[in-house]
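Chemist: Following the hints, put chains B and C in place on chain A, whose structure we already have.
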Amino acid sequence: MALLELQDVFATYGSRRALHGVSMNVEEGSIVALLGANGAGKTTTLRAITGLVKVQGAIRFDGQRITGVATEEIARLGIAHVPEGRGTMSQLSVLENLQMGACLRHDPKAVRQDLDRVYAYFPWMKSRLAQPAALLSGGEQQMLAIARAAMMRPRLLLLDEPSLGLAPIVVKGIFKIIEAINSEQGVTIVLVEQNARIALKTAGSAYVLEVGVVAVSGLARELAQDESVRESYLGY
Amino acid sequence: MRTTSLLKPGNALSLFLLLVAVMAPLYVLGRFPTLEWAYVWALLIGMIGVNILTGYCGQISLGNSAFMAIGGYTTAILTYTAGWNYLLTIPVAGVLASVGGVMVGIPALKLRGIYLATATFALAISAPSVIRHFDQLSGGSQGISIPPAEDPFGLVRSQSLTGEQWLYYMALVLAVVLFLFSRALLKSHVGRAFRSIRDSETAAVANGVNLTFYKTLAFAISAFYAGLAGSLYTINTAYISPDSFDVGFSLALVVGAVIGGLGTGIGPILGAVFTVWSPRYTQILFNAKPDIAFGVLLILVMYTMPSGIAGGVYSLWAWYQRQRAAGRPKSGDGTILVGKAASTR
Amino acid sequence: MGTEVFLSANPVEGLEQQLVFGIATGSIYASLALALVLIYRAMEAINFAQGEMATFSTFIAWTLMATFHMSFWIAFPLVVVLSFVGGVALERVVIRPVERAPILTTILVTLGLFSIFNGLSGLIWGYTIRTFPSPFPVTPISLGGVGIGFQDLGLIGVSLVLLFLIYLFFSRTKLGLMMRAASLYPQSSRLVGVRVGWMLALGWGLSAAVGAVSGMMVAPVLSLDPSLMQSVLLFAFTAAVLGGIENPLGAVIGGIVVGVLLALVGTYIPHAEDLRLVFGFIVIVLVLLFRPAGLIGRAHVTRV
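Chains as they are written, first to last, in the numbering used here: chain A, 1 to 236; chain B, 1001 to 1345; chain C, 2001 to 2304.
Here chain A stands alone, though its shape is the one from the complex (with noise of 0.2 Å):
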């Protein structure tokens, strides 16, 4: 049984019909990309995942439904989602942030570790906890994000274009760090991704979107060298 289990869902926004029918599975422990053009439907699915969207149809997280389930309690079951824009809490600080990720948690120590850890990953917050948010720059806010969200010790991690807006380099180190987070800490990723390259190299499997449709999934390595899916779906 899969982590995570799509079955045909239907999402709304208001009188707007965003996803007709999109099934996936997510095993446990791997990362999954969600690629497609703009508009495709890969926000909208992470967003009905999470509940901030009316859904129609079975969302399945470990085997319990969680369609209509609202977004706190799904955040609480394990599921920790870096939306579009990142959501930093900008008026707060970069400690803050951080502790917000930690907030429902009732171990001390072990938030302690993953703040250590946190600073690992990315030494240059150390120095900056106190800043506001805001000050950050975009890929420095990008990763408090992902912090924010690896504090959760979540069990699965959404990403909602992680690479969007920064320069490559900054791309290649973020994505190792999400390397790091799947493979260190087994959490389960699903990546939705423009940058199709960089996210079919991290991504073990990948489903393409179309229109609100699954149009494409499979291994990424063999979306990755398939010409004519590259061409047809993934720009490049």
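Be a bit skeptical, because a hint or two may be false.
[Claimed, not checked] With a cut-off of at most 27 Å between alpha-carbon atoms, the simulated DSS-like pairs for lysine-lysine come out as follows:
no. : chain 1 : residue 1 : chain 2 : residue 2
1   : A       : K201      : A       : K172
2   : A       : K172      : C       : K2174
3   : A       : K126      : C       : K2174
4   : A       : K126      : A       : K109
5   : A       : K126      : A       : K172
6   : A       : K176      : A       : K201
Source of the hints: derived by calculation from the structure; they are not laboratory data. Just so it is clear, the structure is predicted and the values come from calculations on it, not from any experiment.
Modeler: Chains B and C only, in chain A's frame:
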């Protein structure tokens, strides 16, 4: 401008109700209920004013009791101190109150939403004490008594009409006239300007609507109506004191307008009639103190019919129309000023 | 009216006396303003019923002391706790259905609460004026030639303690951080698992508790009847607006400034007792027009 199909049968209904209203005091109502209803018509005028300002122009004002006080005191002072015939004081009361409205409207230009509500709430709380302060003019805490109203046609003296009936008809006539005037106003370009401001100030400005002028106008008109209402109230009671028009009154106006249905034509009427039907309100009419039933009722209405009774009826009607002709587009959305249902005209 | 007696300081006393008096009364406004600020920070709405809720709590305290003969020092914390619980319950039951409704709906609901609490107070306890015992001895002491009462010191002290506790809570505790985050960034907070609705309820609970403290501080001075907090509410609005509606420190400073200004107005402008309320109104309008964030508030004005 779309006229709802409600209006056609509505016209006949309105005429019928008007007839009932005219006949009632002569054949059905006793003396005290007649006087009560005289207050209701006066209250209606005040609620129309609130409906214009808040329902159509989107400015939240919890301070209209202050304008009622201006109107009331104008009537009282001119009648008592200057010896005017009270009938002549009524228009003056409205005009002076609207001056007050302009004065409040100008700073209100920059305030919105909760800030405007707080500022006008503070106005309503502080007005009685200001009145009390200028006691040479206002008679201070003692208030002012005026002689009971005698009609100019001698009907009361000749006992063709009771005093209460005269007050009733006077208020009714004024209410009908002012209601028709407000309908005409709201159908005109002024009403369109108001609605555009309510729906989106930025869009209104982009469309060339002069915010300053129309917002101030809305305050002035609303205050005018409030002043007239205050004047009528004072005439009915033949007495005014600083606490006659306190915060509770402002709340009654706003609540009645909201419960009836903001931004609708018949809202204020429903609000004023509803006022009579909830027994607790009678207390409010006469000593303007808020109360438990009033509060509970208000909250329940906010949960179930946040667009007021009229809004609820329109929603039902719209839903019914949708069921009848699936596929036809929904009736146009107004702005959501109160609650979930769309408010139309 | 008790208010008038209270608000008119004795014009014969010296300036320092006036200042002390102003600071003491200002502390009362400050404490209720703190309650208003707490709600505003939680949901960007003003609870018009704040004063009436505080009056109701104060009446409960009176009953505990007069009918059940509890000492002040037992009744006080008990009422604070009861008010907290009541505030939480109120939010969950009454406010929750309109949590996301337009502002006028919320305003009307709090106005409805205003009516209900006012009516309840009158219904249960009637309109006779009662005395409320003060926890502080009435003996005046002299500080550097200025006569102050323990009462005054007590009022100032309580406000400062409240402010300090609130500051500590929001800046140093996890719960305080969660509440701040929940009100500023509700969606992001949900994504990390914060139950935003309960944070709101907590805000109401704290606010009700602070209001109760305020009421129990004012009652010895103003005498207890259902209209106890109405004028205080106006000045609390003034204080909150003056100091910056989102800022607890601003509320306290605003309260003190309002108290001092009113005392000075009373001293130097003859026969001006009635005008104090409208003075508050004018200050509110001026501040909202020219510096809506208040004297201490943030420079940018948040969503209205």
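Chemist: Any of the earlier hints contradicted here, and which numbers?
Modeler: As far as the earlier hints go, only 2 is violated by this structure.
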